[in-house]
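Peer 1: Starting from the structure of chain G, add chains B, S and F where the hints point.
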Amino acid sequence: MSVNVYKRDRQVTIDPLVTCMPLGAMWAVLGINHGVPLVQGSQGCSTFARYHLARHFREPIEIAVSSFHESTAVFGGKKNLNISLKTLIQRQNPELIGVITTCSSEIIGDDVYGFVDSNKQELKELGYDNTEIIPINTPSFAGSHFAGYDNAIDALIKNLATPNENIEDDNNINIIPGLLNPGDVNEIKHMLDSMFVPYTMLTDISETFDSPLNPKKQGTPYFGKGGTTVNDIKNISASKGTISIAKYAKTGAETLKQTHKVPAVTDNLPPIGIKGTDEFLKTVNKLSGYDIIDTLMTERGLTLDLMADVSARYLAGRKVVIFGDPTLVTGLTSLVIELGMEVVMVTTGSEEKTFPTDIESISKNQSIDVFSEGDLKVVEDYVKDKDNGVELILGSSEARFINYDTGIPLVRFGFPVYDRVGYHSQPIVGYRGAKRVVEMVTNEVLAKYYEEKHWKLQQ
Amino acid sequence: MSVNVYKRDRQVTIDPLVTCMPLGAMWAVLGINHGVPLVQGSQGCSTFARYHLARHFREPIEIAVSSFHESTAVFGGKKNLNISLKTLIQRQNPELIGVITTCSSEIIGDDVYGFVDSNKQELKELGYDNTEIIPINTPSFAGSHFAGYDNAIDALIKNLATPNENIEDDNNINIIPGLLNPGDVNEIKHMLDSMFVPYTMLTDISETFDSPLNPKKQGTPYFGKGGTTVNDIKNISASKGTISIAKYAKTGAETLKQTHKVPAVTDNLPPIGIKGTDEFLKTVNKLSGYDIIDTLMTERGLTLDLMADVSARYLAGRKVVIFGDPTLVTGLTSLVIELGMEVVMVTTGSEEKTFPTDIESISKNQSIDVFSEGDLKVVEDYVKDKDNGVELILGSSEARFINYDTGIPLVRFGFPVYDRVGYHSQPIVGYRGAKRVVEMVTNEVLAKYYEEKHWKLQQ
Amino acid sequence: MPHKLFEIDKEIPEREKHIYIKHCSDEDNEIDCNKSTIPGCMTERGCALAGGRGVITGAIKDVIGLVHSPVGCQYYTTGVKRYPSKPQLPNGKTFPIDNFNLKYSFGTDLKEANVVFGGTKKLKEAIIESNKEYPFASAIYVNSTCTTGLIGDDVDAVCKEMTEELGKDVVAFNTPGFSGVSQSKGHHITNDAVFDRLVGTKEPPKTTGYDICLIGEYNIDGDLWVLEKYLTEMGLNILSRFSGDASHDELCWMHRSKLNLVRCQRSATYIADLIEEKYGVPYKKVDFFSTEYCDDNLRMLGRYFGLEEEAEVVIEKYHGEVKEELKWYKEQLSGKKVYIFSGGPKSWHLSIPLEKELGLDIIAVASQFEHLDGYDKMKARVKEGTTILDDPNSLELEELILTNKPDLILAGIKEKYLAYKHGIPAIQIHSYENGPYIGYEGFLNLAKDIYNNINAPVWELMDFESE
Amino acid sequence: MPHKLFEIDKEIPEREKHIYIKHCSDEDNEIDCNKSTIPGCMTERGCALAGGRGVITGAIKDVIGLVHSPVGCQYYTTGVKRYPSKPQLPNGKTFPIDNFNLKYSFGTDLKEANVVFGGTKKLKEAIIESNKEYPFASAIYVNSTCTTGLIGDDVDAVCKEMTEELGKDVVAFNTPGFSGVSQSKGHHITNDAVFDRLVGTKEPPKTTGYDICLIGEYNIDGDLWVLEKYLTEMGLNILSRFSGDASHDELCWMHRSKLNLVRCQRSATYIADLIEEKYGVPYKKVDFFSTEYCDDNLRMLGRYFGLEEEAEVVIEKYHGEVKEELKWYKEQLSGKKVYIFSGGPKSWHLSIPLEKELGLDIIAVASQFEHLDGYDKMKARVKEGTTILDDPNSLELEELILTNKPDLILAGIKEKYLAYKHGIPAIQIHSYENGPYIGYEGFLNLAKDIYNNINAPVWELMDFESE
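Protein chains in written order, with the numbering used here: chain G, 1 to 459; chain B, 1 to 459; chain S, 1 to 467; chain F, 1 to 467.
Certain hints may be false.
Here are the computed lysine-lysine pairs in the PhoX-like style, where the Cα-Cα straight-line distance is at most 25 Å [said to hold, decoys possible]:
(1) G:K319 to S:K327
(2) F:K448 to F:K229
(3) B:K286 to B:K275
(4) S:K337 to S:K377
(5) S:K124 to B:K7
(6) B:K353 to B:K257
(7) S:K448 to G:K319
(8) F:K10 to G:K120
(9) G:K286 to B:K216
(10) G:K216 to B:K286
(11) S:K383 to S:K17
(12) F:K122 to G:K7
(13) B:K7 to S:K111
(14) B:K453 to F:K229
(15) G:K225 to F:K405
(16) S:K132 to S:K86
(17) S:K356 to S:K337
(18) S:K448 to S:K336
(19) S:K122 to S:K168
(20) F:K448 to B:K453
(21) F:K330 to F:K448
(22) B:K124 to B:K78
(23) G:K282 to B:K217
(24) G:K353 to F:K122
(25) G:K79 to F:K10
(26) G:K79 to F:K35
(27) B:K257 to B:K286
(28) S:K229 to G:K453
(29) S:K121 to S:K160
(30) S:K111 to S:K124
(31) G:K7 to G:K364
(32) G:K282 to B:K216
(33) F:K86 to F:K168
(34) F:K448 to B:K448
(35) G:K319 to G:K386
(36) B:K453 to G:K384
Residues of chain S clear of chain G, computed beta-carbon distances all greater than 10 Å [said to hold, decoys possible]:
(37) D26
(38) E30
(39) P87
(40) N91
Honestly, the hints are just simulated from the structure, not real lab data.
Remember, it's a predicted structure, so these values are computed and weren't measured experimentally.
Just so it is clear, CB atoms sit at the ideal spot from N, CA and C, and this is done for glycine as well.
Next up, chain G with everything else stripped away, as it sits in the complex (with noise of 0.2 Å):
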């Protein structure tokens, strides 16, 4: 039908959905083989994205800091990062690093392109030559970690990709999956799989955030298992094309287009849903010219088959709030939507220009409320509000205390989760991720809405 945009009527965040940019760009750079994210800035601004990261993840999460202080504040950061990346390539020996900047360091102005270049010349006279140091603009003020993340693929597209003359010609996509966790990234993969088309993941975090246990094969320094490697990023000015999950990370793919012609999908739903995986598979198919074969289209009967079960029987117009990821929660809308539930009210805590056209386009006969840019305090205000009908909300942890206080279901997802386990490994995209979700959801409406009357539940 429509969508009714809201904006928040406050000055003050309370309790935000959002960080700022430079964990964007870490997790970019967290999901390239050996890479090490390098904060230039105060100590707080790696500690605190460290502890965030690794408790939703439950693993080592390994951010370097030049370690900002007083003096910096005075005398800019260079020396810092001059220490910093030395001490960095002598005991770490990274294949990359990337200098992610913070408020501080772009208030003081820091010029980090210069510094790079100066260290990069004094490094090499030392001998070592062989870590890439890609500089990232974060400044934290002038957007969110989705923001932020972007400009890290930017600049890792920027720096890397090399011109395609000497690259044979390949059948390579390049997929930029956003703040997507290991679960998704390893659907997507699948997909790819097998339709055996070849890809870069651009960057690929699902094992470097997901690593298995193996002391005996666990080297020191520590490194997350896979990620992308540098070289891989090199080459990817010859693909087929790039898409572009999250349309907040569209950068890097129109940089690629200028530059090396490599055609850029970054407008579509997410792959999330049957609609938005189609699509995604149609996508797949277009650029690289590889047919999508039919275990694929079996994952797509079998939650077809889940969502005929349950969909009008337990689901149909129940209430949806969901918050987070403007991508996830786009996917999700539509994912919710082909379930016959009602989606009431979504919002991103960030500022997605697009946003609200994306839910009106996927809508259909609903009304939906749109908060744009809101806080977790909106998300509560709505669903403690009883005329508002709220049923089920999907969203991360940050939920979980609307949970408790009202006892409205709390289906998770995104980033962050860490009072349960095991989500971020569990994929949301893809027909197996929306029959997770499915399931996830109708769990959830059965345990609150049929426990009660548990002779429903008898057949």
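Peer 2: Leaving out everything else, chains B, S and F in the frame of chain G:
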């Protein structure tokens, strides 16, 4: 430490945990591509089973019945069987019909072997000789559905496996899965596929009980997708070995060993939990000679990683009751002990001779109460006895009222699970199945025992 | 040629007589029904035990239901029906266990030795033990089964002995699965046994001039509670229920009712007849599906008991509550083609209401176990050209789907998922989806479920290529 | 040569002075500490905001905690600590929102324009709006951050203005992340600000001769409630808490305490010193980790307040409850090698208790931000050969693991999962696993967690081949 074996001190069964033999045979036959179970008995014998299978799998379950009535009791079931076979073959043209006897047909003394033989002749004369007809003895009073499954698999092997003289020696492994869910069979197939081991599943319900929805491709009369083909079974006599996952389903493997010298492995731990899966993979490796490849070791490592994250922190020492299929209970007991939890009581509902010693062999330093031939009332009394301090139940939906009455979490597995969705299509076997179980167990513990002290969930 | 032989039935031409296409007003054509099913034809019918313990006695809140059989018969009849019950007893006390009928089943789990040497000893022990475990149970109902029928266990004698020994009713129901052609036989056996053994054996604590007995109302998904609300509000007193949310004692004093209302006329007219015959209590066949039938039947009761005004108050209140919403649903649903395949009478209960009140187009009706009287009603209530099927099997369902292309099927769980596979929505009409379905609010629930099923977005997603 | 240069540190030899191997009784060797971290060395340290809002003010139950920053600083300090609070206020009322400190954070979410043109206007609006949203909040605490420090927003002035406008305390905490070398600086700044701005500004409703103030006790996982129980039972009155489960008002009357007890001596001795200096209130450094320290310190308090007998009753009761179990754990754990890496003082609190009472072998201790006095205590409390590390980084942790092969690590969440990857159990000692860890029962909890971690069967499953 030890197990304490208790026998139920009642003649009366209060809420049984097993059903009678025919259901197991139907299950086995429904794992055959275009296989139809034909129940030689009263209509309830097919309809009740169809109902119970349908509510668990949420799939069409097509089982024929020869519709015994009073006159059959007097004149015998020969005519019923004659008409049934002809009707079935003419209208459905199945690849195989399993003629499943019941208490009625056995008590009245139907000679189904004789009936089938004479029928085959008749049908051949009518030009219907494409359908294998396999008599399966399952007198309901002679055992549980586990035994019925065993009889059916054995009958299929006895009747179908042809001498291996004309069959080229191959690397095939046979798997008798037992009454596993589609998700479990798929997981076993995934492990074998990962190792590139060719196999025959005896039988394979993974798709027939979990078929994709795709009306355009759905032919009539309805048959579920997939299933083991009759030809595959005919060729198993040249296999490298047979693994029976379930001890209650070892007869077929033994038959194949005796008649065709195919090595049989029938006494292992099921591939549930780390040790069980390790053992399974090593057995596959030993029988087939194919290597255990790294992707499986990565799955192993990911499961261990989760186990390390949660076992000491959330699970250690929590008291668990497990009931259900003896194979699954044995495997889950092993897994739950691997998590550092305390298994206080197990029961299976059927009388399985080796069950207590199986449990003892994995009990480590735990003292476990084993109820031989328990029923749900045994579980209920145990759980409701506060002295036992039970904190978690692993079992089927049958325990829903125990959960409802006590609030003690129920982690669902096995058959039947009808009050939640998706369980039949997700595995508990293999490393990935173990990971899923660990997730379910942990998340139930978090929701029940940590949510009230919510601050503990913040990191 | 009102009969029709389906394509799939060409090898079993005897099916032709069971399938009838309504034509003009030809009243004479009889539908073959209540006959043995063709073996191996994939029937959806069940057995006498299902009809007895499954449909009728399983709804009673305070009795031990003991199945004398190998474990399967007990297993299959354990808590499978959506028959909630409240623990309140007519004597004002509360039964100590909530939903006792759903929670517990009892059985003798007969083994080979019992089959060889007879099962009565085990049965006795099982009765005694059950009673010991739940001494507060009001009675013990024992069902015999194929096995115990064939081995000749004298269940009646055991029950008689046990009744004396325990000082409470121990009632035998002789329901071997092979009795009769369908579960219908189990209904009949159970009606007879309750009448013979129980009715007239107790007296109610008090009686009024407005006492009624709801017969053949099993409280599927709370149906009975809806009717109870209407009837009580208009001034009637539910003296007995047979057998939804009933207590054992109520069955024993059914003869004291002033009027018996027969809801499910297939499974329970027997006992109403017997009571009328022996005790002179009249009965009315009633129909509370849909608003119009509900209006009519409440008015009829109002007239019968001189409670006309009270009936109108109830009608106005509850009919009023759903009127507008039903109108909206009718607009949405008009013209959608429906096939009703019920166990028994719902096929004729629902055909007119679905057409008149929801605008649906009933293209076919069928029943598992109706008798001729039921088919006559079906015939009377469907429009020209409607297909009427007796005891249809899975393959006929598929042919009907592919040929007649219904938009919705009302059937059981076995047919539901088969319909789905062909892309056709289906609602469980035996046990309901989001019931209750009876009465005004029930009919609205049914309308919602129909709407939600037909309009589930999943049906538009079937085709990958069409996107 | 008591200092040691780790292999991984050969390129950063300045680390040598931070790592010390205890040798005989050489008291003179100083450990380099409380100094800037080497950039890029993968430190585990945080910033001043973490030390201020994260550690101290985030525990207060009834104040609006507003971070004046881009969104990240607020995001990262939202409800992350395990600081439960009870809604009871000292005036007998109940704060309307349970665990307000965990549930809500407030921030200015500064954008580019605010950075260019200054953020004070937005800060004022945010303060006013927050107060409007939660008018019952007792005060508003505003933290400045790197950004607002660098752009020069006068947060003190805004808070002063707002205090007047709103008629409640609006307190500025100047905690830019770059202040000082670690979160320790944030502790100091916050101590000073609370003292300067709040202490002495209010009077308690009543005072007694047994009033104490618990300083540096943040109620991690309920620690404070354990101590409160002991102290209250022996007759003391907790007049103020700084700052676990504290209300704003309590901070304002800390000067009325008869004795201040300093629990976390790294983060909170500052304010105890200031109060003693200005108001003459003496303080005692206390240690309640383990049964022996608990005994000692309760006895000390008993002597101080003339409550010797009362103290003995408490000791007997609570020590008695855990004695046997602790003995069992000691038997199980004897000889297991442990590395303690705490934020601050837990490394010296726990070393002797873990050895004496649980039989563990402390092979290394470390701290993120201890100062020299802390390291002296660490040195004094560990046995010969123990490694002591200041501000160790991830790579040193790995080297320590591979070289010294501890059986268990007590550290934070960032180190926990790194230890796991090398097959070493680890317990979160900052925020605990299944705490509380203080007091008698807390020490038993810690023993259980240690036992469960070391003995988790998963560690025996690491190797596929060994099976």
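Peer 1: All hints are to be evaluated individually against the structure, with a verdict given for each.
Peer 2: Do the hints match the structure? See the list:
Pair hint K319 of chain G plus K327 of chain S holds up; C-alpha atoms about 23 Å apart against a cutoff of 25 Å. Distance check on the hinted pair: K448 of chain F and K229 of chain F sit about 22 Å apart at the alpha-carbon level, within 25 Å; holds. The straight-line distance between the Cα atoms of K286 of chain B and K275 of chain B is roughly 16 Å, inside the 25 Å bound, and the hint therefore holds. As the CA atoms of K337 of chain S and K377 of chain S are separated by approximately 20 Å, the hinted pair is consistent with the 25 Å bound.
Under the criterion of a C-alpha separation no larger than 25 Å, the hint pairing K124 of chain S with K7 of chain B is consistent with the structure, at around 20 Å. Distance hint between K353 of chain B and K257 of chain B is fulfilled; the C-alpha atoms sit about 22 Å from each other, no more than 25 Å. Distance check on the hinted pair: K448 of chain S and K319 of chain G sit about 16 Å apart at the alpha-carbon level, within 25 Å; holds. For a cut-off of 25 Å, the pair hint linking K10 of chain F to K120 of chain G stands: about 22 Å separates their Cα positions.
With a C-alpha separation of about 24 Å, the suggested pair K286 of chain G and K216 of chain B falls inside the 25 Å cut-off, and the hint holds. Restraint check: the Cα-Cα separation between K216 of chain G and K286 of chain B comes to about 24 Å, which is no more than 25 Å; the hinted pair holds. Simply put, K383 of chain S and K17 of chain S have alpha-carbon atoms about 20 Å apart, close enough for the 25 Å limit, and the pair holds. Restraint check for K122 of chain F and K7 of chain G: satisfied, since their Cα atoms lie roughly 17 Å apart, inside the 25 Å limit.
Note on K7 of chain B and K111 of chain S: the hinted pairing holds, with a Cα-Cα distance of about 16 Å set against a maximum of 25 Å. Restraint check for K453 of chain B and K229 of chain F: the C-alpha separation of about 19 Å stays at or below 25 Å, so the hint holds. For the suggested pair K225 of chain G and K405 of chain F, the alpha carbons sit about 23 Å apart, so the restraint of at most 25 Å is met. Taking the CA atoms of K132 of chain S and K86 of chain S, the gap is near 23 Å; set against the 25 Å cutoff, the hint holds.
Note on K356 of chain S and K337 of chain S: the hinted pairing holds, with a Cα-Cα distance of about 13 Å set against a maximum of 25 Å. Restraint check for K448 of chain S and K336 of chain S: the C-alpha separation of about 14 Å stays at or below 25 Å, so the hint holds. Distance restraint check for K122 of chain S and K168 of chain S: the Cα-Cα separation of roughly 19 Å lies within the 25 Å cut-off, and the hinted pair is therefore satisfied. About 18 Å separates the Cα atoms of K448 of chain F and K453 of chain B, which keeps this hinted pair within 25 Å; it holds.
Between K330 of chain F and K448 of chain F, the direct Cα distance comes to roughly 10 Å. Compliance with the 25 Å bound is thereby established for this hinted pair. Between K124 of chain B and K78 of chain B the CA atoms are separated by roughly 18 Å; this keeps the pair inside 25 Å, and the hint holds. With a C-alpha separation of about 20 Å, the suggested pair K282 of chain G and K217 of chain B falls inside the 25 Å cut-off, and the hint holds. Only pairs whose Cα atoms come within 25 Å are accepted, and K353 of chain G paired with K122 of chain F is accepted, the gap being roughly 23 Å.
Between K79 of chain G and K10 of chain F the CA atoms are separated by roughly 20 Å; this keeps the pair inside 25 Å, and the hint holds. Taking the CA atoms of K79 of chain G and K35 of chain F, the gap is near 17 Å; set against the 25 Å cutoff, the hint holds. As the CA atoms of K257 of chain B and K286 of chain B are separated by approximately 17 Å, the hinted pair is consistent with the 25 Å bound. With a C-alpha separation of about 18 Å, the suggested pairing of K229 of chain S with K453 of chain G holds against the 25 Å cut-off.
Distance check on the hinted pair: K121 of chain S and K160 of chain S sit about 14 Å apart at the alpha-carbon level, within 25 Å; holds. Distance restraint check for K111 of chain S and K124 of chain S: the Cα-Cα separation of roughly 15 Å lies within the 25 Å cut-off, and the hinted pair is therefore satisfied. Between K7 of chain G and K364 of chain G the alpha-carbon distance is near 22 Å, which keeps this suggested pair within the 25 Å criterion. Simply put, K282 of chain G and K216 of chain B have alpha-carbon atoms about 20 Å apart, close enough for the 25 Å limit, and the pair holds.
With a CA separation close to 22 Å, the supplied pair K86 of chain F and K168 of chain F stays within the 25 Å bound. Distance restraint check for K448 of chain F and K448 of chain B: the Cα-Cα separation of roughly 21 Å lies within the 25 Å cut-off, and the hinted pair is therefore satisfied. Restraint check for K319 of chain G and K386 of chain G: the C-alpha separation of about 12 Å stays at or below 25 Å, so the hint holds. Between K453 of chain B and K384 of chain G the alpha-carbon distance is near 22 Å, which keeps this suggested pair within the 25 Å criterion.
At the 10 Å boundary, the C-beta of D26 of chain S stays outside the reach of chain G, the nearest C-beta of that chain being 38 Å off. For E30 of chain S, the condition that its CB be more than 10 Å from all CB atoms of chain G holds, with the nearest at approximately 34 Å. Every C-beta of chain G lies more than 10 Å from that of P87 of chain S, the closest at about 14 Å, which supports listing it as non-interface. Every C-beta of chain G lies more than 10 Å from that of N91 of chain S, the closest at about 25 Å, which supports listing it as non-interface.
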